[in-house]
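Undergrad: Using the sequences and the accompanying hints, generate a full structural model.
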Amino acid sequence: MGIELKNVYKKFGDFKALDDVSLKVDDGELLALLGPSGSGKTTLLRVVAGLDFFDEGQVLFSGRDAQNQKARERGVGFVFQHYALFRHMTVFDNIAFGLNVQPRKTRPSRQEIRAKVMELLKLVQLEWLAERYPWQLSGGQRQRIALARALAVRPKVLLLDEPFGSLDAQVRKELRAWLRRFHDEFHITTIFVTHDQEEALEVADRIVVMNKGRIEQAGTPEDVYHNPVNAFVLSFLGNVNFFHCRLEEGKAVIGNTTLEVPGLSVDKPQPAKLYVRPNQFKVSRVFSKAAFKAVVEYVNPAGTIVKINLKTESGERIYVEITQEELKQLKIRKQEKVYVSLKDVSYSEYVKDNS
Amino acid sequence: MSARTEPRIVRYFLISIALAFFGLFIVLPLICVFHNAFAKGWVFYLKTLEQPDALAAMKMTLIAAAVAVPLNLIFGVAASWAIAKFEFKGKGLLLSLIDLPLSVSPVIAGLIFILLFGAQGFLGPWLIAHNIRIIFAMPGIILATIFVTFPMVARELIPVMKSQGNEEEEAAITLGASGWKTFWMISVPNIRWGILYGIILCNARAMGEFGAVSVVSGHIRGLTNTLPLHVEILYNEYQSAAAFATASVLALLAIITLIAKSAVEATIRQGQRQ
Amino acid sequence: MIFFKTASMGFPDFVHVITAPRTLAAYRLSFGTAFVSACINAVFGVIVAWVLVRYSFPGKRIVDALVDFPLALPTAVAGIALTELYTPTGWVGQYLQAAGIKGAFTPFGITIALTFIGLPFVVRTIQPVLEDIDPQIEEAAASLGANRWQTLTKVIFPVIVPAVLTGVTLAFARGIGEYGSVIFIAGNMPMKTEIAPLLIMTKLEQYDYTGATAIAIGMLVISFLLLAAANFFQWLTSRNLGKA
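If you read the protein sequences in the order shown, they are chains L, P and G.
Sequential numbering of the first sequence, starting at 1, is according to our numbering.
Sequential numbering of the second sequence, starting at 1, is according to our numbering.
Sequential numbering of the third sequence, starting at 1, is according to our numbering.
Keep in mind that the hints are not guaranteed to be accurate.
As the list claims (entries may be wrong) - To give an idea of the chain P side of the interface with chain G (calculated C-beta under 8 Å), a few residues: (1) T5; (2) I15; (3) G208.
Treat the hints as calculated values from the structure; they're not laboratory data.
Note that this is a predicted model, so its numbers are computed, not measured.
Where a beta carbon is used, it is the ideal one built from N, C-alpha and C, also for glycine.
TA: Listed below in structure tokens is the structure:
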């Protein structure tokens, strides 16, 4: 089912939780709402679910106004951040709940409910936990049971609030991959909220970046990562180095150093803020005028990439990532002098801000 | 020695003080009640309790509790649900109203009912015209009991409900449950121990209330006497052994209340650990 | 309702009733004994709460359960039991008598009864606060070189002081209004051992409803002020625990 929000506003007292939010979610899409805490992403999810009311605007389900549809009539499956499993019910009864509360006319028979619950337990690979209580489960198991419970009522939309937020790193990775596979198989329209950019980039078809109740950018992971529309989106999606500079034709002047920026064209020289991803630097031992002279403060070769902290002559600190291959060739160590220039990168990754 | 405790001698000293104070103020009166109750032996004890006046007082006490406890249970659950789960105007006022009976003297609580329903009272002339007796009759006793036990259930439930938050209810609603079903299938089971706890305390207070009931009852033997009032009458007539025999029934009730309360507390704590 | 009734009597009459010597004596007695017993409970309540939270000893669970005994026991029962204990021939009274102290039927006896009634209020307000104190705070103090006494006086006490004040205020408020447990041990001599609630009762029995109401108003106003104070202390407590 497709969902559309048109100019939605929502205030809590003086706090603008949603500020003119418009968003279209396509049928079968897996969408991530990404943003810092307080950015309105959870409120947006709750508005879609009908758990919170909005002040102005419109929410459409398959093109139809959902204003008067109560939460329980919307056919949404909601997975809560802290799972909200019913603590006095077994896993089986938790999953069966949505079926058991249906009006007698539409309620499946006991056997059908049993079969359905077991099928869902199998789907989340936890068949042996049917008779356990929520407190007897691990965090990852609770998460999957919460998901199974939401799926039992055959929701047309699946909404997940920080689904992996309170899990260990390892379990989180597994469940992420599982969610992606699950979605590829069943294609239920899914919206999940996260503050973890890695999670959003890895799992979602499309990412909506939110800040202060507004949507900053919506696009594919590739799009928002490589073509951020503003500094907020850029800095929220991964590490970035920030410089005050003066942009000239093909050049950026930072302090006393003039760096070459291939392909940059400006009408007239102007001051700017320059954002550079850690992997967009070139580190060299060979002197170049168009490079920072810098001292290596720290090299961390653990991991697939090598992380280096540098300090330029003028005292600016730069965080750079290079490959293990590059490290082998450079053989740099702490306290050594290096030259740092900008690589030949797409210029749209710089964000200019003249204000 | 860990960083969080005192030298052994200090510990023993403090424990001794606490136990001595405790023994003098709590244990000694308790022993005193039962000692005096059986001062004239078993036979006298049983005879005292079989007196028609004693039986009538017991009946009165049971009736008052049987009306007050369920009413305040319904009120307590509804009020605490509203307070813990919703935001509305006048919430602060409702909270203070709930605490009101605990903060006024029981005598004043009784006085309120006299001023409302007494012969010279606000509704007095109307009641007399319609030949309805409230003060110095059973309805007055029941009303006073309801009033003083009014906060007992709600006060226990509000913190429990607040600590549980709304998520489980919201989950039930997104799964298609109606408000009514959510209340019965999710909210109520989650507070069942809190409810039991509230009932126990409410019942103890309902059966033991003295001041407020004393004001409105009129002390008519065999008619408007509750057990605590019966104790007073016997004691003031210098029937000490009989007074204590009756009192021992109430003391026993208090002990049962404490045991039940501890048991429920242990269960709640176990539930929290899970 | 009560205020309505008072309004109908006129202000001069009201003042006349509440400033009558007998009324003032009753107020003085009620507030005085309630205050003294609340102070006694402040000291012993802290010790009892501390011992219950921090130490283990045989019978601790029973003691813990019995803290609520004064709340669970009907006040009339408490009243006759305490009277019996403190009469000159009673278990405790005979020793007091030997020492030249009169137990029952004096303000001292009233104080005893109010101490009994007030104990759970103090203990039950301090106990959860003590339980909530993060062990790491004390460990931090110790690791910074504070000795145990310094840790107690500089770290623990400031946190529990508002709770103690809350508990004492509650005990005090309850003590002022207490009726059942006091009337037996008080002796009820006008001007000497007649507490304010009893005076209300006496007026009622004489069908002097306006008089009773006026005395009640005086008590109510003070009780509300006390309740406001208790709420303020409660707020302080939660702030000290870092919850507000």
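Undergrad: For every hint, state whether the structure bears it out.
TA: Hints, verified against the model:
1. T5: holds, 7 Å
2. I15: holds, 5 Å
3. G208: holds, 3 Å
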